[in-house]
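Q: First to last, the sequence lines map onto chains R and D.
First residue of the first sequence: 1, per the working numbering; consecutive thereafter.
First residue of the second sequence: 1, per the working numbering; consecutive thereafter.
Just so you know, not all the hints are guaranteed correct.
Just a few of them, taken from the derived set where beta-carbon distance is under 10 angstroms, the chain D residues facing chain R [unchecked claim]:
hint, residue
1, PHE52
2, LEU153
3, HIS315
4, VAL325
5, GLY326
Computed list of chain D residues with no C-beta within reach of chain R, every gap over 10 angstroms [claimed, not checked]:
hint, residue
6, ARG34
7, MET59
8, GLN75
9, GLU111
10, SER162
11, ALA294
12, GLU318
13, LEU322
14, TYR327
15, ALA362
16, PRO404
17, ALA405
Label pairs and their in silico Cβ distance ranges [said to hold, decoys possible]:
hint, chain 1, residue 1, chain 2, residue 2, range
18, D, PRO40, R, GLN26, 41 to 47 angstroms
19, D, ARG30, R, GLU3, 23 to 29 angstroms
20, D, ALA330, R, HIS124, 57 to 63 angstroms
21, R, ASP131, D, SER317, 26 to 32 angstroms
22, R, GLN9, D, PRO40, 37 to 43 angstroms
23, D, PRO40, R, ARG79, 34 to 40 angstroms
Hints listed in this document are in silico derivations from the structure and should not be mistaken for laboratory results.
These numbers were taken from a predicted model, which means no experiment stands behind them.
Note that CB positions come from ideal geometry on N, CA and C, so glycine has one too.
Spelled out, the chains give:
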Amino acid sequence: MDEPAIAAQGIWHRYGEGELAKPVLQDVAIEVARGEIVLLTGPSGSGKTTLLTLIGALRAVQEGSCRVLGEELAGADERTRVLARRRIGFIFQQHNLLGFLTARQNVAMALELDPELADAERLHRSDAMLDAVGLGDKTDALPAKLSGGQRQRVAIARALVHEPGLILADEPTAALDSKTGGEAVRLLRRLAKERGTAILLVTHDPRILDVADRVVALEDGRVVPAAPETGGALARGPAG
Amino acid sequence: MSPRDISTRGDDAARADAPRGSGSAMLAFRLAWRQLRHEPSRLVAALSGVMFACVLIFMQLGFMTALLDSAVSLQLGMKAEVYLLNRTTEALWRSSPFPRARLMQALALPEVARVVPLYVGNAVWKNPVDGQKRTLLLLGLDPQAGLLALHGLTQGKLDMVSRPDTILFDERAKPQFGPIAQMLAEGPVRTELNNRRVEVAGMFAVGPTFGTEGHAITSEVNFRRYLPGRAFGEADVGAIFLRPGSDAQAVRDRLAALLPDDVVVLTHDGLVQFERDYWTQTAPIGFVFGLGVAIGVVVGCVIVYQILFSDISRHISEYATLKAVGYPNAYLSKVVMGEALILAVLGFIPGAVIARGLYALASAKIFIPLVMDVSKIVLVFSLIFGMCLLSGLLAIRKLRDANPADMF
Chain R
1 MDEPAIAAQG
11 IWHRYGEGEL
21 AKPVLQDVAI
31 EVARGEIVLL
41 TGPSGSGKTT
51 LLTLIGALRA
61 VQEGSCRVLG
71 EELAGADERT
81 RVLARRRIGF
91 IFQQHNLLGF
101 LTARQNVAMA
111 LELDPELADA
121 ERLHRSDAML
131 DAVGLGDKTD
141 ALPAKLSGGQ
151 RQRVAIARAL
161 VHEPGLILAD
171 EPTAALDSKT
181 GGEAVRLLRR
191 LAKERGTAIL
201 LVTHDPRILD
211 VADRVVALED
221 GRVVPAAPET
231 GGALARGPAG
Chain D
1 MSPRDISTRG
11 DDAARADAPR
21 GSGSAMLAFR
31 LAWRQLRHEP
41 SRLVAALSGV
51 MFACVLIFMQ
61 LGFMTALLDS
71 AVSLQLGMKA
81 EVYLLNRTTE
91 ALWRSSPFPR
101 ARLMQALALP
111 EVARVVPLYV
121 GNAVWKNPVD
131 GQKRTLLLLG
141 LDPQAGLLAL
151 HGLTQGKLDM
161 VSRPDTILFD
171 ERAKPQFGPI
181 AQMLAEGPVR
191 TELNNRRVEV
201 AGMFAVGPTF
211 GTEGHAITSE
221 VNFRRYLPGR
231 AFGEADVGAI
241 FLRPGSDAQA
251 VRDRLAALLP
261 DDVVVLTHDG
271 LVQFERDYWT
281 QTAPIGFVFG
291 LGVAIGVVVG
301 CVIVYQILFS
311 DISRHISEYA
321 TLKAVGYPNA
331 YLSKVVMGEA
341 LILAVLGFIP
351 GAVIARGLYA
361 LASAKIFIPL
371 VMDVSKIVLV
381 FSLIFGMCLL
391 SGLLAIRKLR
401 DANPADMF
């Protein structure tokens, strides 16, 4: 448990080729300790989403070192990256639930990657997780029958149910109103803290900065000192 | 690398891998079924497409095999071991006569026991009830020759055609010829054949072929009465009976070398195959039905591909999400293939049932027996299965568009 959840150094990333190559990340370094909750902010185009996809093993690392949960992703092949993703929980802007599956079945999808797990055990753990996000009575509902906030809570349950060491979230409140969004993020924070799960959360939303242990700001592909209003969050320092 | 994966690399890797593979295939299959089931109207649309293709293929194959089986039913009832045909003959119903002298020459071989000339010609039959005229295929041969072994044909009946202007009639001929069997049970049946009086002395059964709608059998002498234009000394088919223990193939080869090349020499199997080949190859019918089968497969392919492709397109972000959370491409491919196979099986079953009903209808209405046997069921299912498999494989290419990196 000594190794941090994320330890990335000297990350460069370019889109395009040759003369037209446009650097989106320039010598970025970021470290997130186990159990720590870090917010990644910055204007659009600052490269924060690219950084998230690199850490999430969704994109091949071009340059630099990117260790996630003890696994070096630089130079990793597709298979290694697929396996690395299974140890991460993802939460997207849109809930991206499978419309033809119930809430319980959607959550269980995160557990079906291990076919040796008995179906009953999968459903039991899904139900327990839905209970934890306050949707114990909605387990058999299809996503179309749930409100936006409820869907995002199902997505949170799906991201947590397989006990990942790290949660990556991209604007999880973007599709929600401020009250629902705030509730969802606080729920995520509480559950992650209970489980010692680290979170790296990309957001524009200033109202949820207080959930973070620390804020990292990106601008034009470089890490810059965080804006003053996040000072309080910074002062708390890493947890766990 | 997760601990779970490292563990499978141990000594028991092979044992550990097998159940995992089948377990994941089962889960992918279940996901495929849940996805299809979620939208019943789309599922029904997809299944009707598969069903349509299935029925189309069944009907085409049914007609094709019925054609081929009925086309050779007469040949299958011939008892001789070796046959002669005019080299220009393409099929029995339009055969060209050849000199009977060729049959006499064949007697030169010690293996040849006896030879029987068979005369074949089209004659116009007058329906004794309504006077309607239809063409049948008249066979003329020595009633004592023992050449034909057809359903319902006895030596006693054959003896009767020695009488002038007497024939035996095909009870499976199309009903437009008249209710001959029923009339014969009540009393003598007299009508006209090629504008000459004729009496039906008995019945036998061959049934219509694609070449003719009915058959009649008579003696050589009567045959010449109805078809007086025929040159004396020419036969349409030469049947050669061999002595017991002779090798028909060897005799055929020797006869082919011995006889002038105005005739072809065929074994019994060769004669059957010759007639079959005419209908499959020379006549466009085999091609037409083959094309029908191909069209059925293509139509089914397009429908299944459309359904699978649009399913993937509409769920592209869900598929990308599954990739993002660690599902490999292979798993999603299994889901798509699972959908294809479910469509194949669920579309085939009602398709086969409908085709079966249409077969019964066709057999009753057009008197061409369509038979749904195991080999046909296996063939059609293989075609439908292959069709869905191909559509699935094509649709899987669309999965590449599901890029998990685009999810953020």
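Q: All hints, please: hold or fail.
A: Quick rundown of the hints versus the structure:
1. PHE52: violated (25 angstroms)
2. LEU153: violated (64 angstroms)
3. HIS315: Status holds, d = 8 angstroms.
4. VAL325: holds (6 angstroms)
5. GLY326: Status holds, d = 3 angstroms.
6. ARG34: violated (6 angstroms)
7. MET59: holds (35 angstroms)
8. GLN75: holds (58 angstroms)
9. GLU111: holds (70 angstroms)
10. SER162: Non-interface label on SER162 of chain D holds, nearest chain R Cβ at 78 angstroms vs cutoff 10 angstroms.
11. ALA294: At about 35 angstroms from chain R, ALA294 of chain D clears the 10 angstroms cut-off, so the statement holds.
12. GLU318: Given that some Cβ of chain R is not farther than 10 angstroms from that of GLU318 of chain D, nearest at about 5 angstroms, it is violated.
13. LEU322: violated (7 angstroms)
14. TYR327: Label violated. Min Cβ-Cβ 7 angstroms, cutoff 10 angstroms.
15. ALA362: holds (41 angstroms)
16. PRO404: About 5 angstroms separates PRO404 of chain D from the closest Cβ of chain R, which leaves it inside 10 angstroms; violated.
17. ALA405: violated (4 angstroms)
18. D:PRO40 <-> R:GLN26: 41 to 47 angstroms: Roughly 53 angstroms apart at Cβ, these two residues miss the hinted range, so it is violated.
19. D:ARG30 <-> R:GLU3: 23 to 29 angstroms: Violated, since ARG30 of chain D and GLU3 of chain R (Cβ atoms, about 37 angstroms apart) do not stay within the stated range.
20. D:ALA330 <-> R:HIS124: 57 to 63 angstroms: Since ALA330 of chain D and HIS124 of chain R have Cβ atoms about 28 angstroms apart, the given range 57 to 63 angstroms is violated.
21. R:ASP131 <-> D:SER317: 26 to 32 angstroms: holds (27 angstroms)
22. R:GLN9 <-> D:PRO40: 37 to 43 angstroms: About 54 angstroms separates the Cβ atoms of GLN9 of chain R and PRO40 of chain D, which means 37 to 43 angstroms is violated.
23. D:PRO40 <-> R:ARG79: 34 to 40 angstroms: Since the Cβ atoms of PRO40 of chain D and ARG79 of chain R sit about 38 angstroms apart, the hinted range of 34 to 40 angstroms holds.
Hint compliance for this structure: hints 1, 2, 6, 12, 13, 14, 16, 17, 18, 19, 20 and 22 are not met, and every other hint is.
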